[in-house]
Structures are given as structure tokens and as C-alpha cells.
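Novice: Sequences and hints are given; from them, build the entire structure.
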Amino acid sequence: DGDLVGLRYDNWKFVFAEQRCQGTVMIWAEPLVFLRIPKFFNLRTDPFERADITSNTYWDWMIDRAFMIYGAQFIVKNFLDTFKEFPPRMKAASFGIDQILAKMEQALNID
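The opening residue of the sequence shown carries number 919 in my numbering; numbering runs sequentially from there.
These are calculated hints, taken from the structure and not from any lab test.
Careful: at least some of the hints might be erroneous.
DEER-style ranges, computed between Cβ atoms [unchecked claim]:
#1 Arg983 <-> Met1022: 47 to 57 Å
#2 Leu998 <-> Ile955: 16 to 26 Å
#3 Lys1021 <-> Ile981: 44 to 54 Å
From a predicted model like this one, the values you see are computed outputs, not experimental measurements.
Positions of the beta carbon are idealized from the N, C-alpha and C atoms, including for glycine.
Specialist: In C-alpha cells, the structure reads:
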């Protein structure tokens, strides 16, 4: 859908939205959950990104490194600034029912 859901930088991964449905095709039916604060993981020490589930001290660890969120914001800002010089050619595709209904209404000239 064109949303920024994560950022990888060196050993670090920042997660801004996550899919909470586990496995199966159901992951395509369930919506992404956009987080109020990003989660982040050191991929060298947690390559499967499961510390927030399996560790009792993940949140203490994260709070001790909360300053890293500022670095992630800086990287995202620099990325977004590239759209000024190189704007997207078209809107990202979305597969929600509201877009399908709007297309049908447009085709049928329904107001």
C-alpha cells in the first residue's frame, strides 16, 4: 500500500507497523497495526526479531536505547526528501474494499 512499515540500518531494524496475524494466507486479510512507538531490534543479537515476545526485559533494553529513534527519524526524513526531486509516478496500489467500491461507483456514475 506504499506505507513505511520498517527501516533497516546496519545491524538495526526499526518497525513502524507490524502484521500480528501469524502465518497462513490470513495475513493478507488482516490489517497492519501501526505502532505508536516503533519497536527496534539488533539483528545481530536477535535475527528473528522476537525479543519483544520472548524476553522479559525487551522494554527495559529498548528504553535504554530510545535515543536511537531520533537517528531513525533523521534517516526517514532524508528518504522522504528524495521525493521532492524524484516524485512518485503514481499512487501506490491498495486492495481495500473501499477503493473497489469507489471504482465501481465511478464506472456506474453513482453519486
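Novice: Hint by hint, where does the structure go against what was stated? Just the numbers, ascending.
Specialist: Of the numbered hints given earlier, the structure breaks none, since each of them holds.
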